[in-house]
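In order, the protein sequence lines correspond to chains A and B.
At the far end of the first sequence sits residue 193, using this note's numbering, and the numbering has no gaps.
At the far end of the second sequence sits residue 193, using this note's numbering, and the numbering has no gaps.
The set of hints was computed from the structure by calculation and includes no laboratory data.
We treat Cβ as the ideally placed atom computed from N, Cα and C, and that holds for glycine.
It cannot be assumed that every hint is accurate.
[To be verified] Residues of chain A clear of chain B, computed beta-carbon distances all greater than 12 Å:
| id | residue |
| --- | --- |
| 1 | R76 |
| 2 | D113 |
| 3 | Q135 |
| 4 | M170 |
| 5 | D180 |
[Stated by the list, open to error] Chain A stretches covered by chain B per the calculated footprint, using a threshold of three residues with CB under 8 Å from any CB of chain B:
| id | stretch |
| --- | --- |
| 6 | 31 to 42 |
| 7 | 84 to 95 |
[Said to hold, decoys possible] Keeping only pairs whose Cα atoms sit at most 25 Å apart, straight-line, the calculated DSS-like set for lysine-lysine is:
| id | chain 1 | residue 1 | chain 2 | residue 2 |
| --- | --- | --- | --- | --- |
| 8 | B | K48 | A | K174 |
| 9 | A | K46 | A | K8 |
| 10 | A | K48 | A | K8 |
| 11 | B | K3 | B | K46 |
| 12 | A | K48 | B | K174 |
| 13 | A | K3 | A | K46 |
There are 2 protein chains.
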Amino acid sequence: MAKDTREKILNAAAQLIHRQGYNRTGLQEILATAGVPKGSFYFYFKSKEDLALALVNRFIEFWLGQAEELLSDPTRPALSRLRDFYAIRRAHFLETGFAVGCPVGNLSQEMGDLSPVLGERLDQVIDTMAGRLAQVLAEAQDRGELALHHDPQALAYFIVSSWQGALIRMKVCKCPEPLDIFLEMVFGRLLAA
Amino acid sequence: MAKDTREKILNAAAQLIHRQGYNRTGLQEILATAGVPKGSFYFYFKSKEDLALALVNRFIEFWLGQAEELLSDPTRPALSRLRDFYAIRRAHFLETGFAVGCPVGNLSQEMGDLSPVLGERLDQVIDTMAGRLAQVLAEAQDRGELALHHDPQALAYFIVSSWQGALIRMKVCKCPEPLDIFLEMVFGRLLAA
């Protein structure tokens, strides 16, 4: 029951904050959507910032789960797994109208200068994402799929950031072009060189 | 005098919106900072959205002016000019504490799903930026500095988006690393291939 209430708040917050941003979304709107009285909120979270931290933690767990599922199969070439990881995201945005983008990128952009607590956690989460991708890139090097002159860690950071940048343009062009350009430049050019 | 009032509003809005976001910034805060009464506002702008459009237009004029200054000198290699264009931006963010980022990227991220009017204009502005960079890349091909297999337009979009993505991480790591990785990956790898 207690866990249900916390989940209800998190689900409403995820839906609202990912769609319309942290600053536009009030605690009152989140609680009304969740159907939870304000008094209960502070039993689960210290503040709206604390709730956003919980959202970030939930998102990176989801992301790592999907990475585990899609990036770990040793029977397939490592770079094919990585390309599929992004191709699946591309398909998701095609289905959902090129909206929302990356919750981690959105919150970083919106709150990086405004909340040191959120900024620090988002920085760690980007490190985690890049670290996971770097593992696949290093594996690609071990398997002879990727030239050894590449630095997997730097490349992984670049891929994470370039994807977040592509999602920014996607949100205004409402078209797949930035995602297609990302796939071509990263997989057709950068990793092929 | 009238022009002064409009400028005062634009300057206050630029400062506040670029630093803390569109949704966090109220019209009242902008007018208090500008020292302009609310009645005067509607003489110059129809709405906060209309004001944001004027900010976007002012920013792209500034950007194109800087591009003209830094990208047009035919006595220097085209790719060196382009690299300097971004190295100067890197230096700016080092001096200003890795804050704010790209106003066009920020507004696109924050408003792309929420304001069709702003989204459409931001999409045009990104096209304009990419178009100007594509000119330099095509010039680099004409001068034999860039391999002919590259598509200048796609490359230009990728550069614009990857820079905006690098600025997102910069805002949370508060460090130059994402900008350095961008410069190395774009100029040391992608354009060198």
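Hint numbers contradicted by this structure: Those not satisfied are hints 2, 4, 5, 6, 7.
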